[in-house]
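Enquirer: Here is how the chains run, residue by residue.
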Amino acid sequence: MTRNLRTANSKFIDQTSRISFKFDGKKLYGFKGDTLASALLANNIHLVGRSFKYHRPRGIMACGSEEPNAIVQVGNDASMTEPNTRATEIELYEGLEASSQNCWPSVNFDIGAINNFFSPLIPAAFYYKTFMWPSNFWKLYEYFIRKSAGLGKSPTEPDKDIYDHRYLHCDVLIVGGGISGIIAAKIAAKNNLNTVLIDDKNILGGTTLFQENECFKVNNSYSNEWLKNEIENLKSLENLTIKTRTSLAAYHSYNYLLARENLTDHLDINEKKDKIRQRLWKIRAKKVIIATGAMERPLIFNNNDRPGVILSSSIKKYIDYYGVKCGQKVSLFTNNDSAYETAISLNNSGVNVNSVVDIRDKANSLIVKQAEKLGIKIHWKSSVVNTSGYKKINSIEIMKLSDDGTTVFGKKIKEECDCLGISGGWTPRVHLFTQSGGKLKFRDEDNVFLPDKSGLDQISIGSCNGDFELDQIIKNSVRLTKKIFKN
Amino acid sequence: MKNKYSIFSIIKNAFSYNENWQRAWRDPEPKKEYDAIIIGGGGHGLATAFYLAKKHNMTNIAVVEKGWIGGGNTGRNTTIIRSNYLWDASAGLYDHALKIWEGLSQELNYNVMFSQRGVMNLAHNLQDVRDLKRRTHANRLNGIDAVWLNTEEVKKFCPIINTSPDIRYPVLGGTLQRRAGTARHDAVAWGYARGADAMGVDIIQNCEVKGIKRNGDSVEGVETTKGFIKTKKIGVVAAGHSSVIANMVDLKLPLESKPLQALVSEPVKPIIDTVVMSNAVHAYVSQSDKGELVIGAGTDAYVSYTQRGSHDVVEGTLKAILELYPIFSRMKMLRQWGGIVDICPDASPIISKTHIKGLYFNCGWGTGGFKATPGSGDLFAHTIANDEPHKLNADFNINRFVSGDLVDEHGAAAVAH
Amino acid sequence: MPNWNSAIKKIDVNDVVSVNLNHHSELFISEVEPIMKLNIRGKSRDFLSMIGKILNIILPTETNTSTTNKFITAIWLSPDEWLIFKNNVTNRGAEETNIEENLYKNISQKKLGSITNVSDQFVMINIQGKNLYELLSSGCPFNFNDFKNKKGAVTQTLLNHTDVIIYNEDINKINLFVRRSFSAHLWSWMNDSARFI
Amino acid sequence: MFLINCPYCGERDQSEFSAGGEAHIVRPKQPTELSDDQWAEFLFMRKNIKGVQFERWNHAHGCRKWFNMVRDTSNDKIYAVYKMGEKPPTK
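Chains as they are written, first to last, in our numbering: chain A, 3 to 489; chain B, 71 to 487; chain C, -5 to 191; chain D, 23 to 113.
Hints are computed from structural coordinates only; laboratory data are not their basis.
Everything numeric in this text was worked out from a predicted model, so none of it was measured.
Wrong hints could be hidden among the right ones.
As the list claims (entries may be wrong) - Among the chain D residues that face chain B by a calculated CB cut under 10 Å, a handful are: (1) 40; (2) 67; (3) 69.
What the hints assert, rightly or not - Cut-off 20 Å, straight-line C-alpha distance, at most; resulting in silico cross-link-like pairs (PhoX-like, lysine-lysine): (4) 162/A <-> 389/B; (5) 288/A <-> 245/A; (6) 402/B <-> 389/B; (7) 99/D <-> 441/A; (8) 141/A <-> 360/B; (9) 169/B <-> 141/A; (10) 149/A <-> 360/B; (11) 136/B <-> 102/B; (12) 188/A <-> 488/A; (13) 402/B <-> 162/A; (14) 99/D <-> 455/A; (15) 300/B <-> 102/B; (16) 155/A <-> 402/B; (17) 136/B <-> 441/A; (18) 99/C <-> 47/C; (19) 203/A <-> 402/B; (20) 280/B <-> 72/D; (21) 99/D <-> 288/A; (22) 55/A <-> 339/B; (23) 331/A <-> 416/A; (24) 55/A <-> 360/B; (25) 188/A <-> 485/A; (26) 72/D <-> 322/B; (27) 488/A <-> 288/A; (28) 155/A <-> 360/B; (29) 280/B <-> 69/D; (30) 149/A <-> 339/B; (31) 339/B <-> 155/A; (32) 105/D <-> 37/C; (33) 416/A <-> 394/A.
What the hints assert, rightly or not - Take a look, some chain A residues computed to stay more than 10 Å from chain C by CB distance: (34) 232; (35) 339; (36) 357; (37) 478.
Every residue gets a Cβ at the ideal spot worked out from N, C-alpha and C, and that includes glycine.
My request is simple: use the sequences and hints to build the entire structure.
Expert: Written as structure tokens, this is what we have:
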């Protein structure tokens, strides 16, 4: 392992228990608490897959369920292999074997990448425009089209694992164990309501869990410390059931929801035996509180898909939570304040931050001032216009933005980097709300869709409801939760 | 066609960074009057318009669509195409469609990716065996290529099926139609839209029909969200919403609209290269050219227009899938959705005139309309243009529910209803 | 007399489980030896008072409840239908025949209602243990949250797609009635599911 | 999945019920006297309403009683349930 990609200590990773795993046949090491993605990044592996059509190199881009790129095949066994699994969601265990998909012969040298060279000849709706001549050749064309289909490989033998399902009836179901969900759970359970709190991660706390910054304080302590205390207090509440590693899969009418609880996927191979792998919970809740948070948006520029281009908030989680440096020379590109949190975290962990490229004229928030005070260079009113580096980013090009923000001008500044963090603002996770049949509204100020009308007994709280500031999140989560219990 | 697709057009456009492709169809405002209006811009409606223009020289016509074209059941089905129906009338209808499918990509200059990978129907009990063998014989008498396969032959044709005798509903054999298969559903709608548009048909999207204007026993036009449009002939091809249109002229149809669900898995490398249907346990599955397993579930028993079904329907289907294909247990489902299907009591469609002059209905396709798209469009166009049914759809008139001449295809419909 | 060669036997679940149990389930499932079960139907006031006279019990009229006396228990099934079963296992002898005959003479023949002997149609299974409701919720869409604290509560619902009548005899102790033809299936399902409780 | 309030047993999961189609279709007293049109109307023709519909349901796996339901088929919202023979609610 490249030692210097780990920070000295992380509160969430047990650096005393080393775990060995294999990726693409190569033996690597990580620590207990790692995900496959964090362990790969710690081993300086960014290239993990190839894109579907042009076979362009793909790297880890996020750190949770929103990961679009790092989709891998887990296991080699014909009956136990699992295709298309997000590396960011696989908890590392002793004996894990994973491999990249959709590449041949290997992810480093992929024949299919020739498609990228011919990409002008493969426009959108390409299939419909061609392969029609001569007409009886279609069967042959189709054979090759089908060969290029799909990402992972299906198992070829029956599954040996055991699965279970169970009905669950509760007064309140809270989806998401971040700061809002925890506040709601506490209020619900203290109101003598039979409450269930679920979260897809292995511990509660969401992003607040590793938010240790002067700018984010609750009752005079760091928000992470305050929240840790709140989580500790939840344990004494009798009416509350907490289910971690449980992701909500469906939201049907009349508050009927399906959730998948992962029971053994994170265990060592020899500990999994004879245990239920996953349990499907069929939940009927009187009230549902959605607290699924928000996810960071990417920014659009040429070649923004290279390995090493990572969401800025994910870089922060990798450094603050997993103790993993996504790069040694990191540049950041943003249109909002969040990237500055990442810059400060990186700086505190001794990672060299090249600069922050910000499309705004100027910002005067506390967090930006804090970054300026640390001497972090900021390119105001500028944009990243291109990147280079084939299998991993090695530099970016920065240009000044015109007054109306539609064009760039002036000299191209080339900046060398081995990682680029991008932050295009935040998108509330309204997916569950819309799946339940809810209608959205649009907020013009920051271009987000927010939950609006719903026919069900449910509310959305926290950043999935459009609150992005800590004080607002706390205040509105309390207010809305109390309100739903009144009717 | 103005912008014919060919190898040359692809190379030419590559040089201009693919920025000069013409729109596949226009987006016109409705004219004041048309010779005919088709309500519903799904596959069947667009095909109807295409054949009205192509075969009957009716080019001053419009297709009005409430949402976007192909956004209804055309975009929601499991794309299975076959013609192995029991009765002569159905065999005639569905095989007429299958024959058009076989040359459709060339006819439209648009690759609909019609893939004749075969469709197998499994038998799980003795009654299934008798029914399916009977259907095979009936098919062959009608010139349809159906063969009976025993369990070993089933296993040989599709090796991933669990043919073990100790599953709850063991595979006792099956029928195979080799000419049957699948097609790319969106491409069908887009191909017909492009073809119809090129001949002058106006395709008007985001235009909901609010009422039908009548003068005595004839139609005069349609009230839409884009204003009144005058016409003497209206062809209704609104699938799940047929009764809603019929109610505008106080017409009752023998239909119930129910949610039908389907789902696809994450994409994987090719693992099943045919279509397997299993009515008794309700599991049918195929794999798309993108790699997703395409799975058809059942209908709910109640009327609903919500495009959402009940979870237990999907769960039952997946249980059956896993019994027949235990290797899929670790695969994850990517999407699940519902469409609204209008079901006739005899599980056969209606392609018919009505007692109102100039009003025609093409509906009641239930859970299996996609396969008939080209045939349905061709025959409905004939019916509208001549004010008389073609001999292939004469048996599918509304009046059969009064006369009692039903075309009972419950056994051949994929989804029990 | 029927042949009670039932598929159901008195078994402690842990004995028949073939796969290792991860932890002790403390669940006991056994068939209650053949006892008399009667299905009675009727609506009129005369019917209700006649039943009361013969059986010395007031039939429950409140939804999802039961009444019981020293000898028998009456379970509400629907506004005009009840299930009656004997509380204790006794040899099926003259006593039971007398009850049935008495009811038949005074209810069925007088057209006040109908009496059907369902002793053989339904199998009664007793389930005890603190994980009992976890087992049920593996296959039951019914909400047991209130039911489990209400002695004498009754429900008819589905358990693994099988029709069942569930009677709350005591805390963590229920009697479950299932049609005989489904009983072997349900029994094996319970055995299988109990492994994971 | 609906949560249906059976008028006899209370709130139960949809899987315990079966749907029985449009309600208040009166079976003709003298079927032999009907014309073919009238018979077809009774047997096959349905309003198939998109909107508020009156329909029959059966608590098949519970009390086995039939009852009526008022439901909006455009959003599956159940407005009321009432026993067989009872007057349908007007609002």
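Enquirer: If a hint holds in the structure, say so; if it does not, say that too.
Expert: Comparing the hints with the structure gives:
1. 40: With Cβ-Cβ at 6 Å, under 10 Å, it holds.
2. 67: 4 Å, holds
3. 69: 7 Å, holds
4. 162/A <-> 389/B: 16 Å, holds
5. 288/A <-> 245/A: 18 Å, holds
6. 402/B <-> 389/B: Answer holds: residue 402/B to residue 389/B is near 14 Å, not above 20 Å.
7. 99/D <-> 441/A: 16 Å, holds
8. 141/A <-> 360/B: 16 Å, holds
9. 169/B <-> 141/A: Holds - the C-alpha atoms of residue 141/A and residue 169/B are around 17 Å apart, at most 20 Å.
10. 149/A <-> 360/B: 9 Å, holds
11. 136/B <-> 102/B: Satisfied, since the Cα-Cα distance of roughly 18 Å is no more than 20 Å.
12. 188/A <-> 488/A: Since the Cα atoms of residue 188/A and residue 488/A sit roughly 16 Å apart, the hinted pair holds (cutoff 20 Å).
13. 402/B <-> 162/A: Within the cut-off at roughly 16 Å; holds.
14. 99/D <-> 455/A: Judged against 20 Å, a Cα distance of about 15 Å means the pair holds.
15. 300/B <-> 102/B: 6 Å, holds
16. 155/A <-> 402/B: Holds, at roughly 12 Å.
17. 136/B <-> 441/A: 19 Å, holds
18. 99/C <-> 47/C: Answer holds: residue 99/C to residue 47/C is near 13 Å, not above 20 Å.
19. 203/A <-> 402/B: 19 Å, holds
20. 280/B <-> 72/D: 14 Å, holds
21. 99/D <-> 288/A: 16 Å, holds
22. 55/A <-> 339/B: 14 Å, holds
23. 331/A <-> 416/A: 14 Å, holds
24. 55/A <-> 360/B: Within the cut-off at roughly 11 Å; holds.
25. 188/A <-> 485/A: Holds, because 14 Å separates the two Cα atoms, which is no more than 20 Å.
26. 72/D <-> 322/B: Answer holds: residue 72/D to residue 322/B is near 13 Å, not above 20 Å.
27. 488/A <-> 288/A: 13 Å, holds
28. 155/A <-> 360/B: Judged against 20 Å, a Cα distance of about 13 Å means the pair holds.
29. 280/B <-> 69/D: At roughly 18 Å apart (the allowed maximum being 20 Å), residue 69/D and residue 280/B satisfy the hint.
30. 149/A <-> 339/B: 7 Å, holds
31. 339/B <-> 155/A: It holds: about 5 Å lies between the C-alpha atoms, which stays within 20 Å.
32. 105/D <-> 37/C: Holds, at about 16 Å.
33. 416/A <-> 394/A: 16 Å, holds
34. 232: At roughly 27 Å from the nearest Cβ of chain C, residue 232/A sits farther out than 10 Å, so the non-interface label holds.
35. 339: 46 Å, holds
36. 357: 55 Å, holds
37. 478: Residue 478/A is indeed farther than 10 Å from all Cβ atoms of chain C, at 30 Å.
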